[in-house]
Amino acid sequence: MIHQRRRLRNALLYTLLVIVLVGLVFPVLFMALTSFKSVGEVNRIPPTIIPRYPTWENYPFMARAWDFGLTLRNTVILAGGSGLAATILGAMAAYAFSRGTFRGRTLMYSLLVASMAVPAMVTLGPIFIAYLQFNLLDTHIGLILVFTAGGMPLATLLQFAYFNAIPRELDDAAAIDGAGRFMTLFRIIMPIAMPGVFVSFLLLFIGGWNEFLFVFTLSTSPDTQVLTTKLYTIPPREADYQSSNLDLVATAGMFVLLPLVPLLMLTQRQLVEGITFGAVQG
Amino acid sequence: MAQAKATSAPQSRLQDIFASRYAVFYVLVLPAFLLRMIYTVIPIIQTVLISFTNRTIMGGKYIGLRNYESLTRDATLIGSLGWTLLYTGASAVAETVIGLGIAVLLMQNLRLRWLSNFIMLLPWVVAPMLAAVAFRILYFEDGGILNAILQELGFGNAAVRWLSDAETARFSVIAMTVWKNVSWVALIFMAAIGSLSKEVLEAAAVDGANTLQRFWYVTLPLLKPAIYLVLLLRAMAEVQTFEQIYGLTRGGPGSATKTLALYTFERFFQQLRYGYGSAVNIVLLLLTIVIGAIFAWLLYRSREI
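Here the protein sequences come in this chain order: A and B.
For the first sequence, the working numbering begins at 1 and goes up steadily by one.
For the second sequence, the working numbering begins at 283 and goes up steadily by one.
Read the hints as simulated data drawn from the structure, not as lab findings.
C-beta: ideal position from N, C-alpha, C; glycine also.
It is possible that some hints are incorrect.
[What the hints assert, rightly or not] Only part of the chain B face toward chain A is listed, based on derived beta-carbon distances under 7 angstroms:
id, residue
1, Tyr304
2, Ala314
3, Leu317
4, Met411
5, Ala430
6, Ser537
7, Asn563
8, Gly574
9, Ala578
Please construct the entire structure, taking both the sequences and the accompanying hints into account.
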C-alpha cells in the first residue's frame, strides 16, 4: 500500500519534472532545430519540429552577411575588457570596504548598492548626449566604460563577500613583511579569493555578451556592432520574397548563443554559486 | 544585502599604523565609486534638468513644468504606465510562484540532476534579445509551431494571434519574461530552502505533519524573507524592461506592450525630443523608487519578526 503510493508519487513528480524541463528547453531547442532547416522546410505547413533534411547552409550564409569574425571580435573585446576592468576595480573597492575604516565608507557602499536600482534607460539619454559631445559615440573605449560602470556594483558586492571570509591576520602578516595594501590585495587576497574573482568575471562577461541597449544606441557603424545588435540584420534572400526567413533568424540567434554553451557547461557550478550568493546570507 | 559592518576600533599597534594611513583606502575605492557615480548620479541629475526644457537635437530652452503638464494629458503615457504596472506585477508574481514550485520539485531528490542543472541555466544565459528571437519563432502566426501544437492537442483550427492581437500580445510578452526568469528564481529558492534549519522540518515531521502541511506551515513562513527579496529583485528588473519587449513586439500592436522604457526610447531616441523623453524617464524613475521602497519595507519587516 505504502509502496504503491510512493510509486504513484514518484510518477507524478517525474511527469512534472519532465514538463518543466521541456518547457524550459523548448524555445531554445526549437530555435536550434529551425536553424538547420532549408527554406522549403521552414515554410512548410504544418511545421516540422525535427528537420527532415537537415542542412548547414544557413550558417555560412549568415556568417558572410554578418561579417561574423569582426562582430565576434567586438563582442569579446567589449565583454572581456569590461569584465576584466570591473573585476579589478571592483576588487580594489571591495578590499577597501572589507578592510578599511575611512570617512564616507558606509555612504559610498550604500550608494553603490542603491545605484543598482537605477533603470538603464534613465541614464542612457544623458550618456548619449555626453558621448556625442566628447566624440565617444561608436568607440570601443566608450562602450567599455559604460559596461564597466554597469558591472561595478556586482563586482564589488560579490568580491566583498568573498574577501570578508578571509581572516584579517593574513593582512597583518603581509604588513609585517612590508607589503603595501595593493601588494597585499593583488598577491595574497585575490589569489586566495580566486573562485570569487572568477565568478565575478564570469557573470560580468556573460552580462556584457548579452547586453543590447547601450550598444544599440551608442554605436552606429559595423566597427563596433556586437552579436546582439546584429540580430536585426537578417539579409534578404534572393528571389523569394514570399517565404518567411525564420531559418535565418534562428541561425542568427544561434550565433549569439553557441559561443556561450561550452562556457555554460564548464562553469555550471560556479555560475549557480554566483547567481545565488546573495540569497543565502540575505 | 548585508550592510557593511564597521571593523572594530584599532586595538594593536599594527592596526594603529593602518588607521593612520587610511588614505590608501580612498585610492582603492574611488576609481570604482566615481566611475559608477559618473554613469548613474550625474545622468539622473541631467535627466531632471533636461525634463524642464523643450530640448531637441537642435537645442531648446527652459519651459518649467510644461512637459509634465503635457504628460497628464498624454493617453499613450497613461496607457504605458498602466501596462508597465500590470507587466511588472504579473511577471514578478508568476515568476515567484512558479519558481518556488520548481525549486520544491527539484529538491525532491529526483534523478536527472545533471541535466536539470544545465537546462535551468539555459534561459538565464540567453540574452533578452535572444529570448525575443526564440519566442518570435514560437509565436509565428501563419503556420507557427505553437499554433500547430495547439491544433495537434485538439484545439481545432484556433490560429492564436500571439503578437497581432493586443490582449494576446500582452500575455505573450509576460509568458516570455516568465520563461526567461523563472529558473533564476528557482535557483535562488533552492539555495534559500537548502539553508533552512533541518531540525525544524524534522520536528514537524515527528509531530505528524504531512509533506503539504510541513511546506505550508513551516517552510513557507521561514522563506518569507527570501520571497520578498525575490519579489523585490524581480519587480525592480521588470519595471524597467526594454530589450526583450522591443525585440518581440516593438511595443505593439499599437501601444499595447509599450512599457515606460520603450516609450522613453521612442520619444528620446526616435523622435529626438530630449525634454519630453526625459520627463517620461522621470516617471519611470519615480515608479522604480516607489516599487523598490514598498518591497524593501516588506523585506525589512519580514526580517524583524
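Results of checking the hints against the structure:
no., hint, in the structure
1, Tyr304, "holds (5 angstroms)"
2, Ala314, "holds (4 angstroms)"
3, Leu317, "holds (5 angstroms)"
4, Met411, "holds (5 angstroms)"
5, Ala430, "holds (5 angstroms)"
6, Ser537, "violated (17 angstroms)"
7, Asn563, "holds (5 angstroms)"
8, Gly574, "holds (5 angstroms)"
9, Ala578, "violated (9 angstroms)"
Checked against the numbered hints above, the structure violates hints 6 and 9; every other hint is satisfied.
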